[in-house]
Every structure is written in C-alpha cells, then in structure tokens.
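Visitor: These are the residues of each chain, in order.
There are 2 protein chains.
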Amino acid sequence: MITVYAFRSLPPIVRGYVRDIRVRWALEEAGLSYEQKLITQDDQKTESYRALQPFGQVPVFEEDGLVLFESGAIVHHIAQRSEALMPSASDVAGRARVLQWMFAALNSIEPVVQQLTEIDLFHADKPWAKERKPMLVERLDGRLGGLSRRLDGRDYLEGRFTAADVLMGHVLRFMRDELDRFSVLAAYRKRCEARPAFQKALADHLAAFG
Amino acid sequence: MITVYAFRSLPPIVRGYVRDIRVRWALEEAGLSYEQKLITQDDQKTESYRALQPFGQVPVFEEDGLVLFESGAIVHHIAQRSEALMPSASDVAGRARVLQWMFAALNSIEPVVQQLTEIDLFHADKPWAKERKPMLVERLDGRLGGLSRRLDGRDYLEGRFTAADVLMGHVLRFMRDELDRFSVLAAYRKRCEARPAFQKALADHLAAFG
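So the protein sequences, as listed, match chains A and E.
Numbering that gives the first Met the number 0 puts the last residue of the first sequence at 209; the count rises by one with no breaks.
Numbering that gives the first Met the number 0 puts the last residue of the second sequence at 209; the count rises by one with no breaks.
For reference, chain A alone in the conformation it holds in the complex (with noise of 0.2 Å):
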C-alpha cells in the first residue's frame, strides 16, 4: 500500500496549493490507491519525521519500505508504472523530455513564482517587497514568454498529458492575475485544473482540513 504524508491543518491562504496535491494528481492519474497519513505543524519538527523528510515539509511517499521525498522525485516515480503519465521505458528520448518538462517547472518557472509568491501573500507592504518585485515581475514575463510559445497550439507540454503537466498545472496555480498576460498559459492552466483526477486531489486534500 502506498501512503502519502500531508497536513491535518494549514492557514486557509495556503490550502489547496500545497505540495502533496501533486502527488495525489498523479496518483489518480495513474488510477493507483494509496493511504494519507495526516501530520500536524508540531509533528514537522521531531527528529522522527527529518528522518523521513530532512527538511521537514511535505509530501512524503511510502511504500515497500521505500521512503521519497521531494515531490518532482516521487511524481516520477508514480508516472514511471503509468502510459498515463509518461511514455514507456523503451521510448529513453520521450521519457528524458518529460523529465525535462519536470524540471523546467521546478528549476526554472518555480522558483521566480515562488519569490513573488511570497511578497504578495506575506510582504506585500514592506518597502524591501516594493522595490524587489518589479525584478521579479520581469524575470517571470522572460520565463513565461518562453514557455507560453513552446505550449502555443498545444494541449499538454509534450502534446498529450504527462507528468510534467502535474507539475507545470501545479506550478502555474500560484499565479494571479501576471496570467492574463498569457493567454495561451491561462487556458493551460484551466484544461489541468479541469481534469477529473486534478478534481479528485484537490477535493481529498481539503476534505483533510474538515
């Protein structure tokens, strides 16, 4: 049985974008059943859950006695047994390009999303956030630009659903209203978001919040 780790409780701002939503997408994408085990703030912290997680987030991935963290790694893993998520293993170039969709959404449009991410939820106000995020700003429109023309006439970032549309869909979730600048991403955004097995994740991670 495979059992995923998430939290029992967050601050209502956060909820629906955390990081075990990835994992269940998959999951369900790859019509595979698994347990959540549901942690608390507290929990986070002890010596016992760094041993599963060294940096004491979440998601964490059991199974077998095989214990991943880092979700771009465990929706690899899951994508692996499923044609629903990435080609076959004989196909070694389709495979690495999905790979490499999966880190252009975590290496690449993440990290920018995520500092603006942070200013606009938690620093909005400050003077720092004022004049740092008009950087931001650009460097997101440069990175955004480029993927909104390799996605241009496209349904998927390798033309049908993989893996690294799980998380490109998740990704592109923390944005507002810099989408409507991108068309093509918005709609994007919006064909994920509407897909059954997106539906289901989202709806069993909130259902842990009551």
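Calculated directly from the structure, the hints in this document are not laboratory data.
Hints are not guaranteed to be accurate.
What the hints assert, rightly or not - Taking lysine to any residue pairs in the SDA-like style, the calculated list, with each CA pair at most 25 Å apart, reads:
| hint | chain 1 | residue 1 | chain 2 | residue 2 |
| --- | --- | --- | --- | --- |
| 1 | E | LYS129 | A | PRO133 |
| 2 | A | LYS132 | E | ILE118 |
| 3 | E | LYS125 | A | GLU117 |
| 4 | E | LYS132 | E | ASP176 |
| 5 | A | LYS36 | E | GLY145 |
| 6 | E | LYS132 | A | VAL112 |
| 7 | A | LYS125 | A | PRO11 |
| 8 | E | LYS129 | A | GLU117 |
| 9 | E | LYS125 | A | VAL112 |
| 10 | E | LYS44 | A | SER182 |
| 11 | A | LYS129 | E | ASP176 |
| 12 | A | LYS36 | E | ALA95 |
| 13 | A | LYS125 | E | GLY55 |
| 14 | E | LYS44 | A | ARG138 |
| 15 | A | LYS199 | A | GLU34 |
| 16 | A | LYS199 | A | TYR33 |
| 17 | A | LYS125 | E | ASP119 |
| 18 | A | LYS129 | E | GLU117 |
| 19 | A | LYS129 | E | LEU115 |
| 20 | E | LYS125 | A | VAL136 |
What the hints assert, rightly or not - Interface residues of chain A toward chain E, partial, derived using beta-carbon atoms under 10 Å:
| hint | residue |
| --- | --- |
| 21 | ARG49 |
| 22 | PHE102 |
| 23 | LYS129 |
Remember, predicted model here, so these are calculated numbers, not experimental data.
Each residue gets a CB set at the ideal place from its N, CA and C atoms; glycine is no exception.
We have chain A; now place chain E onto it with these hints.
Guide: Showing chain E alone in chain A's frame:
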C-alpha cells in the same frame, strides 16, 4: 556524437559557476566524450536558439536528434547510461533515491542559495537587499541544517558518488562564508570538487573564455 552548448564569454564574476559545468562533469564521470558549441549572449536571444532552449539559457544537450535542456534532466539522461552515476535499471528504489536528491538540490536548496547569491553579487548595498537578506539566511540555514544531518558520516548523498552529487556539489559551490557554519557540508563540497572529473569539467568550461 554528443554536443553541449555553453557560453563563449561571460563576466569574470560568474565564470566557473554556469550550469554547463554540471553536464560536462557528468559526462567526464561517465567517460563519454563530447563536443562543445560555444554561443554568445546575442545568440542566446535568437529565435533559433529559443527553439532549442525556451528560456534562452545554457546548457543544451544534443545527440542523434534528441535535444534536451534543463541541467537536471540532462545529467539524469547521462546518468542512466553509466553505473558511475546511478544504480543499474533493476534497482528501481535506488534510482528513485538518486532522483530525489537531484530534485532536492535544484528545488529545495538551489532556489534559496540563488536568491542569496543574487543579493550578495549584485544588490549588496541596496536597502531592499539588506532588509530581505536575514530572512533568506534563516531559511537557508534550515535547509543546510537538514542536508548536513543527512550527510554526516557519509561521503556522498547515497553513500557512494552519484549524479545527485554532481548537482548538489555544484549548487553548494555558490556559497561563500555561509558554509563556515556547516563543516560537514564544507568537507562534502571539497570532496566533490577534488574529483578529477570535476576538475576536468571546470578547466574545459574556463578554457572556453580563452
């Protein structure tokens, strides 16, 4: 033949730190030869280069019609061919753990390191940077503390050297005095940088600048 794209010229301050080094290093560890294709900062902006790399960055990897960007994905693609960088394909759990640390390097450690490096190199005297920096130092210390506990008593992330150490070793190169507080990490970085494959990769990267 494998081709790796890298820069022909760079400001001295960033020489030795660009991500083509990760790919060169992995290729050296795997014993695979390659050609380099050097581009200028003008080439970076062209449509033809953006067709290879949507964000205009280096490195790009080409071989037999396969074009890959994102250093994490390229290093993984190389690593799958060589047990010098990754367990064999039959060790599914072992390979998943290597990829877990690759994502940890590029999604849990690098984004914080990069924000701090950007401040130190380019904005050190600006008021916003002085206000922002302590938050980033605190966050980085949390991440490095977690990493340090995992590496304590081990030579490399998974015991023996893997592709994960190529990425983590390179990410840690960006840090200066922050590493003084983490002797385990300082020793780990030194161990990574002492590898002949890293030394060769670095020399070839630097040789491009004449």
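Visitor: Would you pick out the hints that fail for this structure and give their numbers low to high?
Guide: 11, 13
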